[in-house]
Amino acid sequence: MEEKRHTSSHYEKELQEIKNGLIYLGALTEKAILFAMKSLSERNSDIAHKVIRADEEIDKLDTELEERCIKVLALRQPTAIDLRFITTAIKITGHLERIGDMAVNIAERAIQLNAEPQLKPYMDLPRMADIVAEMIKDSLDSFIRSDLSMAEKVRQAEQVTDDLNEQIFRELLTFMMEDSHSIHLSLMIMQVSKNLERIADHAKGIADMVTYMVTGECVRHQTCDLDEKEPA
Amino acid sequence: MKRNLFLKILFSYMVVVCLSFFVLDLLIKTEIKKVMTAKIEAELLAYAELLDLNSAQKMSEQLKQIARISGSRVTLVDEQGKVFADSEKDAASLENHFSRPEVQEARLRGKGKSIRFSQTIGVDTLYVAITMKSKPQIAGYIRLARPLHDVQNAIEQVYQSIFMAMMIAAVIAFVIALFFSYRLATPIRALERFTERLRQGDPVETIFLETSDETKKLADNINYLVDELRSQIRLANEEKSKLMTAFTSMTEGVLILDAEDKIEFVNSSLSNMLSDQYGDLNGKTLMEALRNVDLQKAFFKFKEIHAIVSEEVNLGNIEPVILNVSISSVHNYPGEEKVMLVFHDVTRLKKLEKIRVDFVANVTHEIRTPLTAIIGYLETIQAGATSSNEDVKKFIGISLKQAGRLNRLVEDLLVISKIELGEIKFHFEEVSIRDAFEGAIPLVEAKAEIKKIKIHNNIQENISCVWADKDRLTQILVNILDNAVKFTPENGNVTIETNKNDKYVILTITDTGIGVPKEEVQRLGERFYRVDRSRSRDLGGTGLGLSIVKHLMIAHGGKIEIESQLGRGTKVSLHFPLKNSLDFSS
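Listed in order, the protein sequences are those of chains A and B. Residue 6 in this note's numbering sits at position 6 of the first sequence; the count goes up by one each step and never skips. Residue 380 in this note's numbering sits at position 380 of the second sequence; the count goes up by one each step and never skips.
Okay, chain A solo, but in the shape it has when bound (with noise of 0.2 Å):
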């Protein structure tokens, strides 16, 4: 798609621009992931608040660039690439705002924590956040570079991060079962554990959907079958 140029430059700058948004829109629900960990891990709650108000931001940009891939699929009528692009765009951006929302819910998680003693020091999670973390990266290069081995080496990651929940779940259980005092706090570890694994989830999503945009093959769900294969 990047060698290939349209006819029309305005339709191939919306375009960029479609990319570019969607780029900046990773960027911030990126950064907002790292900083909402950072809070906890520093135990700085200020931070968490700057990624609370941060979220507007990227629910602004999502609002912004789906209307933008509506007024191309209206007016210019993209087909097969372009169409899957802009299709693929759309579901992105769902996935990045979903996201942010869970680093605000990771960040107030923090507020939370920062506010009573610790229970013990970070080991696991701070390991998850820079794997998700990594994963949205990767994910959004994939998406950038059309590279499918990068979206790959996303899915892969993905499984890594439900086994490290399973791991925290298994740790705060012995926590919560040694004290019953520790159960408050371990619930709201436990929470922080559980958007990280969904973060994660939802890289894998815009990962598959980077698959279905460079092959047209649809890689969600093992079963589907409905989308009709086209040569890329």
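Do not rely on the hints blindly, as some may be mistaken.
[As the list claims (entries may be wrong)] EDC-like, lysine to aspartate or glutamate: derived pairs with alpha carbons at most 16 Å apart:
no., chain 1, residue 1, chain 2, residue 2
1, A, 19, B, 261
2, B, 297, A, 17
3, B, 303, A, 101
4, B, 297, A, 57
5, B, 454, B, 482
6, A, 31, B, 294
Treat the hints as calculated values from the structure; they're not laboratory data. These numbers were taken from a predicted model, which means no experiment stands behind them.
Fit chain B to the known structure of chain A by using the hints.
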């Protein structure tokens, strides 16, 4: 047909020649016809007059004679137009001649003429008629008719010669045209070939034409333009290479965006700053290439206000790379505005700033803690709240201890600043390693014994000496050994080893202590830096020991390397340069 100049000139010459002959031909033809017809007419009129002189009887006799001499047909017509004698045909068979134009003209004016196509003979014929005047008894007309064969022949003859002349002239014209068009076309073609070669980028010098007309002037102008162009290109190239050299050699990173906001140029400094963590940047937009929210925001701001925007962005993925970016537009042709981003690496500055801020905060904190204690106890004594001498003694003791700590702190700081300012004079000599350790170990032995820590001395005999200042070396060793003992739990081990490579003599002190987290290792040696603040202060340190060691090692031309594993222990390697690898006189 190929439309070239030569053929065009030739063709126009030919057209001119043909046209001129056509006009000439028309003129000559009419002129000849006119002159000859007039001559024949006069002749025939003369014969008619001659015939008129005769009497009516003789007229018929002479009719044939006159006709023979004049080579014409003679007809006599009466007043009513009835033919009563003819030199060639029977008069009775001929029709009435009254309506003939020559007869009509003769009736009115006395004589008449007419040229028309004769049905009888089949050629153009000249008819001449006069009224009979000499014999009043008979009224009538004498008419002579002669075919114009001669005129036709004469004209044909002239035609032939004219055609010949025309052919000759055409050939000559062709030759001349050939010559002139060749003369004209040659320089123009030479110019064309010259400019063609220029267009293709041949390194041609100048063009020289052996003409003196406008083409010469044209060639001169072209030569001048080529010269001008060449010097302009050279200037432009020179400017470009100057600029490129500046771009590549400057420490600031430069990035240029084209009119479509895609990256067009990245200089090597910027690539180095980003240490290739983003891959190839060319042809991508800023967002695609660097995906940095702050940078993009700065760029949006620039697009909005169209003035220079300066912003600080962190472009590091793992390690922070803090760059100060200023965005400005490159003025070009309208509608083709490019954008230049200049990056200034402030990572080090930021780091230093943080160290400085940390230092000030630490130093005040370190000084305040003992001061608070001293002031507190002194105030208690002053308030007289002490019931016994014992308490006073105890309070003063604590105050003294804290004052001593303050003193140590200030002294350590002084030492560091003296080393940094180069005010400490080092007295370098061959120092026996064994002696140095034997001087240092007793100072920590007492502490070690309390914690039942064994100090193993594994000094290799073949490495006996280092080039160092003896007192400073002892200071370094005491510091390191003290740390080792301090951070090693009871029943631990401290091992001393010596090693050597081609550059350094290496003294290694390994402990089985609590270790340092991996990410903290590189911060050791910063002033007041403590991995675990509360604990190490309890152990009586000022937070300056390693910092002093680090500075002393640098002053020795060596370095300190620390490897550590959390919970396993720490290994400190002191690298002293071999004597011959450094010139200490400098």
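Checked hints:
1. A/19 x B/261: holds, 13 Å
2. B/297 x A/17: holds, 15 Å
3. B/303 x A/101: Roughly 29 Å separates the two Cα atoms, so the pair is violated.
4. B/297 x A/57: Distance ~12 Å between residue 297 of chain B and residue 57 of chain A Cα, so the pair holds.
5. B/454 x B/482: Measuring from Cα to Cα gives roughly 13 Å; hence the hint holds.
6. A/31 x B/294: holds, 10 Å
In this structure, the one hint that does not hold is number 3.
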